[in-house]
Structure formats: C-alpha cells, structure tokens
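Protein chains: 2
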Amino acid sequence: MRRRDFLRAGAATALATPALAAPAIAQSAPEIKWRMTSSFSKTMETMYGTSQIVCRYIAEATDNKFLIHPYQAGELAPSRQALDAVSSGSVDCAYTPTNFYVAKDPTLGFGTGIPFGLSSRQQQSWWTFGGGAEIVNSALKRLNVVGIPAGLTGAQMGAWFKKEISSVDDLKGLRWRISGLGGPVLARVGVAPQDIPHIDVYAALEHSTIDAAEFICPHDDEKLGLPKVAKYNYHPCWWESGGMVHLVVNLERWNALPKSYQAIVARACDAASLWMLAKYDAVNAPALKRLTAAGAVLKPFPQAVMEAFYRATNEHHAEQAAKDAHFKKALDSVNAFRKEQLSWLQIAEHSIDNFMVSTRGRA
Amino acid sequence: MRRRDFLRAGAATALATPALAAPAIAQSAPEIKWRMTSSFSKTMETMYGTSQIVCRYIAEATDNKFLIHPYQAGELAPSRQALDAVSSGSVDCAYTPTNFYVAKDPTLGFGTGIPFGLSSRQQQSWWTFGGGAEIVNSALKRLNVVGIPAGLTGAQMGAWFKKEISSVDDLKGLRWRISGLGGPVLARVGVAPQDIPHIDVYAALEHSTIDAAEFICPHDDEKLGLPKVAKYNYHPCWWESGGMVHLVVNLERWNALPKSYQAIVARACDAASLWMLAKYDAVNAPALKRLTAAGAVLKPFPQAVMEAFYRATNEHHAEQAAKDAHFKKALDSVNAFRKEQLSWLQIAEHSIDNFMVSTRGRA
Chain A
23 MRRRDFLRAG
33 AATALATPAL
43 AAPAIAQSAP
53 EIKWRMTSSF
63 SKTMETMYGT
73 SQIVCRYIAE
83 ATDNKFLIHP
93 YQAGELAPSR
103 QALDAVSSGS
113 VDCAYTPTNF
123 YVAKDPTLGF
133 GTGIPFGLSS
143 RQQQSWWTFG
153 GGAEIVNSAL
163 KRLNVVGIPA
173 GLTGAQMGAW
183 FKKEISSVDD
193 LKGLRWRISG
203 LGGPVLARVG
213 VAPQDIPHID
223 VYAALEHSTI
233 DAAEFICPHD
243 DEKLGLPKVA
253 KYNYHPCWWE
263 SGGMVHLVVN
273 LERWNALPKS
283 YQAIVARACD
293 AASLWMLAKY
303 DAVNAPALKR
313 LTAAGAVLKP
323 FPQAVMEAFY
333 RATNEHHAEQ
343 AAKDAHFKKA
353 LDSVNAFRKE
363 QLSWLQIAEH
373 SIDNFMVSTR
383 GRA
Chain B
23 MRRRDFLRAG
33 AATALATPAL
43 AAPAIAQSAP
53 EIKWRMTSSF
63 SKTMETMYGT
73 SQIVCRYIAE
83 ATDNKFLIHP
93 YQAGELAPSR
103 QALDAVSSGS
113 VDCAYTPTNF
123 YVAKDPTLGF
133 GTGIPFGLSS
143 RQQQSWWTFG
153 GGAEIVNSAL
163 KRLNVVGIPA
173 GLTGAQMGAW
183 FKKEISSVDD
193 LKGLRWRISG
203 LGGPVLARVG
213 VAPQDIPHID
223 VYAALEHSTI
233 DAAEFICPHD
243 DEKLGLPKVA
253 KYNYHPCWWE
263 SGGMVHLVVN
273 LERWNALPKS
283 YQAIVARACD
293 AASLWMLAKY
303 DAVNAPALKR
313 LTAAGAVLKP
323 FPQAVMEAFY
333 RATNEHHAEQ
343 AAKDAHFKKA
353 LDSVNAFRKE
363 QLSWLQIAEH
373 SIDNFMVSTR
383 GRA
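Protein chains in written order, with this note's numbering: chain A, 23 to 385; chain B, 23 to 385.
Certain hints may be false.
Unchecked claim - Just the calculated beta-carbon pair ranges, DEER-fashion:
# : chain 1 : residue 1 : chain 2 : residue 2 : range
1 : B       : Asn86     : A       : Lys253    : 56 to 66 Å
2 : A       : Glu228    : B       : Arg333    : 32 to 42 Å
3 : A       : Val319    : B       : His91     : 54 to 64 Å
4 : B       : Arg384    : A       : Ile221    : 35 to 45 Å
Keep in mind the hints are simulated off the structure, nothing from the lab.
Every residue gets a Cβ at the ideal spot worked out from N, C-alpha and C, and that includes glycine.
Only chain A is shown next, with the shape it has when bound in the complex (with noise of 0.2 Å):
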C-alpha cells in the first residue's frame, strides 16, 4: 500500500495547478503523447516487446488519448543513458533497468536486484509491502524521475563460456562481460569483468577478446547467437535476483498527469510485470531444450566457487554499505526482508517444486 500513497502524494501534488484553469471534461482525459526510449533493441523481443504492452495497455485504457511511442535503444539515447535522457526532459519516460547507473548511484541496484538478492517474486513484495519503492524512489527523486516496475525477468541463466570452471582458480584473469552490480564482485574472485554492450557481445566471445559473457535467458541468449560462440551454458545466475526493469518517468511530467492516468499507467506497468514473467517462461523452456540439441552444456557452478562468489558479495556489499548510508538502509532493508522470506519459501514454493522437479523423465 506505501507505494500507492506514494504515487497518490505525487498526484495530488499535480492535480493542484491545472484544475483551476481548464473545464472538469478536459482535465481527467487530455489528448497526451509521450516519448519512450528504451535500453534494449528491437530485437531483443520480450525486453523490448514489454516496453510496447506498457505503451499499449495505456492507449487501450484510454481510448488512444494517452499514447506513448515506444523508442529503441539509441534512437533517442543510447541504452546506458535513458535515464539521463529522462532526467533531464529530454524524453518524457524510459524503459529501463535501474541497475544500469549504479555508477550514480550504488543504491539504484536495488530496483533491479542485487547479487545473493531477492527472486523476482519477492522483489515484488519487498518493492510493494517491504519498503522497496520508498527506498528506490528516494534515490530515483534525486535524479528528478519517478520508477514505476514495469518487468520482472525471473531468475535468469548463468554465463556462457568457452571453457568448463571447475575451481576458483579457474576464474582467475577470466575476461567475463557482466553488468551492473556483478562485476566489482567477480573482481574480488580475480576475474577481470567487462561492461560491453549485449551487440558487441557475440564478436567479443568469437574472437576471444573475451572468455565468458552473462546475459539474459536461453530466448534471448539463443538470439544473440551465444551458444555457437561459448558451449558451456553455466547457471544458476546470482548477481541479479531477479531483474525488475522500470519505466522510469520525468517527475515533472508525471506529476501533471491527471490522477486517472496516473493510475491507469500504474496498473499498465504492473500487468506488463506479469506479462514479461510469464512470456518469459513460455519462450525460455523451448529455448532451453533447443540449445542442449544444438550443442550446449549446462552445468551448475561447482559449489566451491558459488560460496566464493557469495563470500565476495557479502564483502562488497559490507564495504559499500560503510561509505554509503543510503546503500546501507537499502541493504539492511532487503537482508531482513530476504531472511523472513526465505523461511517462507522453503517450506511453500521451495518444497512443492523439490517435489515436481523429481517426477522430471518420470511416466
């Protein structure tokens, strides 16, 4: 309910200057049209194709008089900028993940997941019930936009690689493209990591001026072509949780939206997080089996190197929370969240899908 006062204060806030000066009919359903520029292309279809539900949904709502154009990467900013874009009014919302500017600020990692973090299921609850969405938006409020959760990945693959890691020598000068909060982590484990755009990615791996490269799902892994380029396909991914993208809006903008679209772009975003799951569950499982026919291997991380990567992440996280009291509020906030949670998804969701996961290749 916090988050909802939240956008309601926003509201109010809004409705106060131009109620006075147009007729009640003109206010509650303006003709608006709005520019969105995303941090994925086009190609990337589920990334991208939820950033055009949430524009979609919106002008249904409103009899088309609410339409926002959906932009791809670079067409109006470049990926790593949307937000910038939108801080500054250049454009008048983004589709994007948070995490992407956690060189601005180390808090914003938590509106996309942080390492060891949260699933996507609850990273929801936490944004919703848990403080999440004070505690985001907050740090957001500085950069003058607003975040609204618009996508929640699940919990995604592992890197790719081109040879096997079987120890934690093995990481060792690793040259490994990851983004976001990861990387200053992997350092700590001797990995050299690399931040390169996800185009750049399938040349880098086939002419080896990288060894391993996290990206998303098996859907959006077997469109970039990875696995001919890296065949052991590793997992589980811990350095996101579960990757909640926003729609990141100006706050001025926002904040003069009638109350009803206010609401209407709200609910948008929180159908378009469903939808992305689900979608991403219905194209990542025959992906999956498509890649081990065409070759791949999946592998589990040896459990020696996942307690590394956790040592390394409590540390990192430690030491940023000792230099930064907002990333200290928003880690304590999500290690007690995650503490209660995980007594609750063992003997719930945990337990029943230990149960299923043993009938695989069963009659």
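Given the structure of chain A, go ahead and fit chain B onto it with the hints provided.
Only chain B this time, still in chain A's reference frame:
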C-alpha cells in the same frame, strides 16, 4: 496474446450495438455501477482485500465512472454459489476460484490449479501463452460467464493435523477437510474427505468431528485459529498447485462494456494478481514465525506419502480424462506445458532458490 485476442473478440461484438444509439463521449466513458459477490468473507483480509483492490483500481482508472461494489460471501449469494449468481445475471460479477464449481464441470478445476499441477507462475504463463485462457473460458462460456485471472496465492501450506502422519497407513479413515479436485484424490488413498465451509473448520477440529484440514497460508490459517486446535502443519501443498482466483463476469454485461472499460478491467485484474502474490508473501513470512513461536510444528509429508498422493492423482486424472473429452484436452495441455517448464525451473529459479535456502542461518 491469445487471451487478449479472445477478450478483444468479445469487445468487438459488444461495441456493435450501443455505438449506434449514443453520442461518442457517452459511449467511451459511461457511468456504470456493478455489484460483485465474493466467495470470501471480510475476515479473510488478503483474499477479500484483493477483490477490493480490483474495484479500487477500476474506479481510479475511470475517475469513479465505473464503480463496482464488492459484497462478502453470503450477502448477495453463498460462497459456493457466486458463479451461479453471475451466470443467471442476478449479480454482475463475482470474485471466486473456478474450482469451487468442479461438480458442474471438472475442467473448471484447471482455472484454479489441479493437484500436482502448475505453480502460480507457471499457471499464469499457461493461462496467457499456453492455451489456458481458451480452455477455461470455453468451459465458463457454457455457464454464460467470462473469467479473468485476478489473484495468485502462490504455493499454499499443506494441511493441519491433530496427529502426526508417518505413513500411508496413517491416512486410512482420516476425516480431512479439503475442497476442489483434491478430495477424490484423497479418497483413493483411504482418506474420508470432507468439504465443509471454512467458517466451520475451527469448530470441527476443536470437537474432533474432523482430524485434519487444509486451508490456505499461515496468515489465513492463523486468523482462523487452526494452530490452536491442530498442532501439526504439513507441507507441501500439492492439491491445488498455485491457486489462481478469477473475476467472473456475466457474459452479456461484459460484452456491453466499452472497449476501454474492458481494457481497464483486464489491467486491474492483472495488477490484482501481482498484488495478491506480493501481499501473501509479505504477510505469510511473519505469520509463519508467529505460528511456530506459538507451538505449531512444521513437518514435511513423508516421501512415501507424497508418492502415494502423486500416484492417486495420476490415476484420478487418467480416469477423469477417459470419460470427459474437455477434461482430457485441458489435462494434456497442462501436462505438456508442465513438462517443458520443469526443465526450465530446475536450472533457473529452483537452482538459485536451492543455494539461497542453504544460506539460511548463516551470518
């Protein structure tokens, strides 16, 4: 996309008639008041709360032009007759699980979730992208209603027992309160299933007229007082998989809505699904802690007992499919979808969940 196409087909039919009679502005945003009958009482604050959320979201998005008033179970119709009231048109819509009506049509069980079926997340994916919407709405159409998913419980708890369950023999003759498709499965392993309303469960356990009862989750179970009258709380819940709840709308009323209102209802329902799951996670985790502090003993069903439930489920499903072509079509669809999803679950969400659960109790 398929579900939306289905809904849109309905909308096109609907718009044909009123468009000829009224001016454009009146059609697109008419003042409408509906009544919603819930299968739940107000004391079930998350389940009933979600129906209130649906109504609030619709009001907010339409500037209070489309108002739906929710009524608790018994005010307009009894809990298990909510669908009938909508079917006849005496009430406009209902908030109800479709598996309350398996006696009318066993295929309606698939709308909520069948024993050893899909998780909430898989159920949502199956509904939207796996053919679920068409299958369940075909069954609902025969009852003159359309169903829109508007709530997900996630994995629920197993049942509360007065005595420990150590073997399949301990199930013989056990009077166990259960609803939906789980009852006939339990009967196959010797249980005497009892389908009694949830308000009577506490007294029945207290006076030992039943020996066990499934209900929902720690938060609801605590409110019902179950731990006071049955000490042992078993997991996992296998008889209802994910627990999807629907907004069920009278078909003529749905078709008469303007297209934009249909879109607003659909998005309010999507948002409510996300809200309920997040809310249940937020409230169940602390409730679980309180339950165990108050003396509830959490126990997993023994493996041999789970295997007996699983075998009985497969036998019951096969028998049902042999005599009901609609049920068979639904079962084949769910089984095919589940098979692929389990491969994906195992290496993605389940894999990181495994590690995260292993971190419980660490510093």
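Verification of the supplied hints:
1. At about 59 Å, the beta-carbon gap between B/Asn86 and A/Lys253 stays in the expected band of 56 to 66 Å.
2. At about 50 Å, the beta-carbon gap between A/Glu228 and B/Arg333 misses the expected band of 32 to 42 Å.
3. Hint check: A/Val319 to B/His91, Cβ distance near 58 Å, so the stated range 54 to 64 Å holds.
4. The supplied range of 35 to 45 Å is met by B/Arg384 and A/Ile221, whose beta-carbon atoms lie about 39 Å from each other.
Checked against the numbered hints listed earlier, the structure breaks hint 2 alone; every other hint is satisfied.
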